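Trainee: Join the two chains into one complex using the hints; note that each chain is given alone, in its own frame.
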Amino acid sequence: MAFFFAQFLTGLANAAALFLVASGLSLIFGVTRIVNFAHGSFYMLGAFVGVTLMEFLPGAVGFWGAIVLTGLVVGLIAAVVEMVVLRPIYRAPELFQLVATFGVILVIQDLALMIWGAEDRLGPRAPGLRGVWRIFGEPVPKYDIILIAMTPFILFALWYLITRTRLGVLVRAATQDREMVGALGVNQAWLFTGVFALGSALAAWGGALQLPKGGADLLMDFNIIGAVFVVVVIGGMGSLPGAFIAAVLISVLNVFGVTYLPQSTLVLMFVVMAIVLIIRPYGLLGREEVAGEHGQVGAPETPIRPYGTRGRMVVTALLLVLAALPFVADQFLLILTIDILIFALFAASLHFILGSGGLVSFGHAAFFGGGAYAAALLVFHTDTPMELAFLFAPLAAGLLALGIGWFCIRLSGVYFAMLTLAFSQLVWSVAFQWRGLTRGDDGLINIWPAPWLNGPVTYYYFTLILAVGGILVLRHIIHAPFGYALRAGRDSPRQAEAMGIDVKRVQLVAFAIAGVMAGLAGGIFVFAKGSVFPTELEIAKSFDALIVVFLGGVKTLAGGVVGATFLSSVEHWLTRLEYWRLVLGLVIIAVVILMPEGIVGSLRSLWARVTGSKSEVSK
Amino acid sequence: MTEILRVENLKKSYDGFIAVNGVSFSVKQGELKALIGPNGAGKSTCFNMLMGQLRPTAGEVFLDGSRITGQKPREIWRRGVGRTFQITGTYQSMTVIENVQMALISHHRRLFSFGARAWRLYRDEAMDFLRTVDLQDQADRPCSVLAYGDLKRLELAIALCHRPRLLLMDEPTAGMAPQARIALMQLTADIVRDQGVSVLFTEHDMDVVFAHAHHIMVLNRGALIADGSAAEVRNNPKVQEVYLGGGTLFKEEAHA
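Top line first, the protein sequences correspond to chains A and B. Sequential numbering of the first sequence, starting at 1, is according to full-length UniProt numbering. Sequential numbering of the second sequence, starting at 1, is according to full-length UniProt numbering.
Derived from the structure by calculation, the hints contain no laboratory data. Not one of these hints is a red herring.
Straight-line Cα separation of at most 30 Å, DSS-like style, residue types lysine-lysine; simulated pairs:
1. A:Lys-529 to A:Lys-541
2. B:Lys-33 to B:Lys-72
3. B:Lys-33 to B:Lys-11
4. B:Lys-238 to B:Lys-11
5. A:Lys-504 to B:Lys-11
6. B:Lys-72 to A:Lys-504
Partial pick of chain B residues on the chain A-facing surface, computed with a CB cut under 7 Å:
7. Arg-78
8. Arg-83
9. Ile-105
10. Phe-112
Values in this document were obtained by computation on a predicted structure and should not be read as measured data. Idealized CB from N, CA, C, for every residue including glycine.
Extracted from the complex, chain B is given alone in its bound form (with noise of 0.2 Å):
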């Protein structure tokens, strides 16, 4: 498989704190990748640097070969990643098919656009793009009325606007019910499976993360000590160190 994105030993200080240190890692074609760390182990830093809301101490990131570092974010968008965040940003004054409408003005660039009418631009494409997400019932509602959990899944609608090549999610289930959440990471699978998108993500829920990851990275103190299977990192004896202090919740009978 061929290599989408790849991270060179990048690094973030903040005034002699160091939140990402010398990170190294790559994500292949059509690859749904996790990253995930204790709170403060420098996930949304690591994020933040690849989309271009920070700019790293040192390290470059390239993708598909050519290199983004320090890009602006939408710069980044352009060459063909999409990112969801883990607080949502839509927008709040537009119904939620004008918000993927929006999405496509950039994509179709009419962004400088004066004579036509935004709400009737691009209406079928955008359904088809709500109804990837099962939205397609609520296309007219005020973005404003909506659940959390369903605004959660307009932005991977939106994001999925520019056909990224790569996807990148912070914590794309943080705030929804279980139930919920397995729907929207099944969903995400999907999209994998059936794009040829690939995606990274970063999630504290464990049950998500090994269910759906084909490879899983684990961050502590802005440093890798883990990137593998899902088999591979739950045996790892660091990582069990770092969640558990040694304990078993990720033998697979902990689970069943």
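With the rest of the complex left out, here is chain A (with noise of 0.2 Å):
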């Protein structure tokens, strides 16, 4: 019983941390809209900034100092970054930014390397702080104790700030409503730069304040972005006591996880957020968001039309330079070339569903992944025959879709991306961890393609084929009458409902529409590589598609497949350099701050510039 209190008090203290950090997010989504990535960058910029400062500052007063002072140059450093990388994109279309604040984490990622090396900082003690207190006989540490202590004034000091200081009505406001707020007034741009540094102080905050806990290190803010998110979307977003219960309950889970049930630490918060969104889509305090008809940033989308002739020759030319490739090049640009054609499919079926279906999936590496395990367990454990499991692919990952799906789509906005990223999270959990079945990290090694397939030539015409069938597919069902009906249920909702049209229905169908091409690009990946492994599955892997259908355009049907052939191409000529996430992150905001109609809707306009030429209606 007291070990059991012991642990329960663990679990408080390491909320103190989780808590502030989701709070500081929840307020910048709040507020901004901006879905922000890189805070755990913040995070992790506030725990090294805090080391570096405390080892200047002694003394007791020197180490809570060290504390304060970091929140303070850490907001700083965020009000830049706002200023140079946001604030020029707030008008382009919705969840842009996200790509942007991927940037700032390369960015931030290699200059903390630089800066502070690759090596693990531990935490200093805090001063007077250093032993245990016995409680009911069992050692707790001190500090452990004050961070409880705190934790209810940081709330209440946040609450206090939100609820009954200018700043904070300010900010409820504009969490309402942005427009309104501008017109009596405000100045947004720094409202917006406030907040932004206001919440990433925050998350520096918890990153200082847990150094005597955890230390300092470069994966810190990979590891911290996912429970806060949960924490944000369980607690229900914008809601500071909702966040505050849900840090609370992940943290003491997690403590009690470890001890009881080691391999469920992996997935057990998200487990837990998929249970309460099911229960309660919008988190255990959030209340509904009301999907503004007005409101909406950027420039209305065009009316779609299949390529006229210029743009079939385009096209067709493309086509044919790719058929031709294996006279000209070596083996390695093949391997390459085949490496962008999947993902180009993987990109172009998320960019279906999220384009024309608005439905914004955080763990479309789900049926990716899924597809590839899919086949390569036929493969392994029972011979199947390659063109059989490779069947299997498409097949298993649209019935993967169909199903997380249908608790998916009854979500939608931010709650809906969260619920995808949780499912996806638990099919990489068992491809992890069931290792009788799947090998863990060990991964499924030895699939190879038929014979008659096997050989780089007749492989990358194989995957040339099946890429480029399945981007047309996709291309034609948006064209499609179906295609129509989910972009009607994009635009409205209401009206769409009051035509007859099953918005749900048509949306889950689109669902696994998009989940069987990824199985399809996961089946080709598989055979190409020969082995599969649960980085595949990772969120990495569903954010690599993100932030490609966002940077080639989300309102340009050729978005994912430009973006992705982008990303890739840049990708594999940095990744030589040593600082590569630093250019790489620098290429992105470049990107995004230079087109934000995304690649191709930026050519586009450019285009139409150049020429003079004002069709209304784009291709």
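Mentor: Given below as structure tokens:
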């Protein structure tokens, strides 16, 4: 019993930092509507800056002073980031900013590596709080008790700030209606900068406060970002008490998970989130987000048409070049092109639901990796012929998408995104932890194509035909009545329902189609590589697809394919450099700022300006 | 005349607040009927319950004698009820004619068709509907560049696609210029006359209501206080009380 209680206290102590970071994210999202992936990076910066400051400032005053200073320093850095990177793109399509924040992650990662080196830093112990107190005979670190005691004050201070001060009034007003706040004479730009800086400072304080418990390392940013999103979503977007309850819930569950069910720790919080969202679609204390009919930023999407003669000629020429490639290219280039084609199909499948359906999935890798694993498992365990196993990849992924979609489609917006993320984490954890079936992180190997396909050139043509075919099928569906119904449900669900369209059913079918295509890409992938590992199911894989879809242009049909080609080529050339993340991050940020409509969208606008054509309908 | 829509004792309450309190009425075939009342009287709540966007707390709605209470909007639409919205809901990423084609695709039950090119389907038929509302010249413009009054007319064309027997129009002329209001209502009246459709609409502009409606219902604080011809409603002391605190705006002379 005493042990049980001590465990509980450890969980509570961990909740302090998590709550701080989560409340910062919630604040930023509420006001700016930016899904800030880089939030974990500011948490990591907080830890490193904190360590450095503590080395300079001695004693107890120095320790606590360093923590306070850390928030100010990181807040300042965040303000600069907001002004340079985010301010130019607030009018870009919704969620486009998350691409920029992804670039920020990469830049901060390499900068931290340059400044602080690759070695982990141990956090200094808090002066005067080094030992333990015994509670019911169990040792509990003094610092934990202090953290537990502090948390209610932090909650109260934030609550006071939001509900009782002028800044809080502005923040709440902006959360409800940004346009109106602007119309009332509030300088939105500065409000956004201020909120972004404050939110990041909270993350930094979280990072600095946990130093005596966890120290600082270069993986902190990715390690916490999942938990932070989970906490914000479980609590309900924009609810401070909700975030607090969720932080405590997750932290305590995690401590008990580590002790009693170690293999559960990787997915426990995602399971909790999935259950909460299925029962309460807007989190514990969140309210239904009223989708605004007005207030949509950016230019409205232009109507679509299949390519005209010129477009068809360009595509045909491109396909001819690809078909002729084996005659001129070496094996290395062929394999790179295979990779790009696979990624392009994967991205196109996400673009299908994201662009036409408005369904932002954060877990699309579940279907890519799911398809790859489905085929690999058949080959590995039952020696199924490659042709049959290959067919099983899109089939299994489609069924998986149908099942996951059935739960997720009922939600919308960020909650939909997070539930897809939770399910993809579940799939990942099965691949990672059911070692008897999947061999865990040893992966499944020796998954080679049938003899008649084995060889770079034949497999290249196999890939070319299936990937291009898949992309063309998706394009065809977009132009078909079903694709129009999907877009109708995105543009105005109210009108769609009032004209007999079952919006949710259309979305579910679209989700399954996207799953089939992602599974097809996964099937091609596994036989191209001869192996599959749980990394193909990771969050990073889902985000890769998400990034390229936005980078290429959500509102253009070719966006996913072009974005995928661009990013994999750039990545391929850059990874030879030592600080390639820094360069890639800067490239991404530059593209985002220079081409706010995505690569395809911006090129199209440029073309229109050059030729002076003012067509209201686009290709 | 046969009865198209019958509403019995319809009620909606939110946490003790009663928005609509026991409303009963009917709409007959070929009738153009208005539902008026001050802001907050419960008109839109009533409408949303008729069309299935809101589930009534109590009461029943019958269409052609069969019960449709609590059915989903799309089911009610399939049974022959079209609607237009107070704030227009159109597909901004499509052209004007594609908006109509979308409704026709649904009408012809081709929503789950994967083969055809949607923009080629039912184009002529869609053009006919656009002609009805005089939008044929703007057929291929993106919906997002249309003027508000044109959007309202487009919505009307969309609502007609399923050949409804009943049209529900929530403030069809809100936000339009005076001339455009009269034109839109004249158009609606023509459709009622030519096609035998029944129309139930809410409206704030009394000129529009008294010039076109065959019958008028007045809703106040969730309850119907009048239901009759224009003259009957105009001379109803309770209505005058609600609108004017006993004034005379509704007297014929005042409008002349």
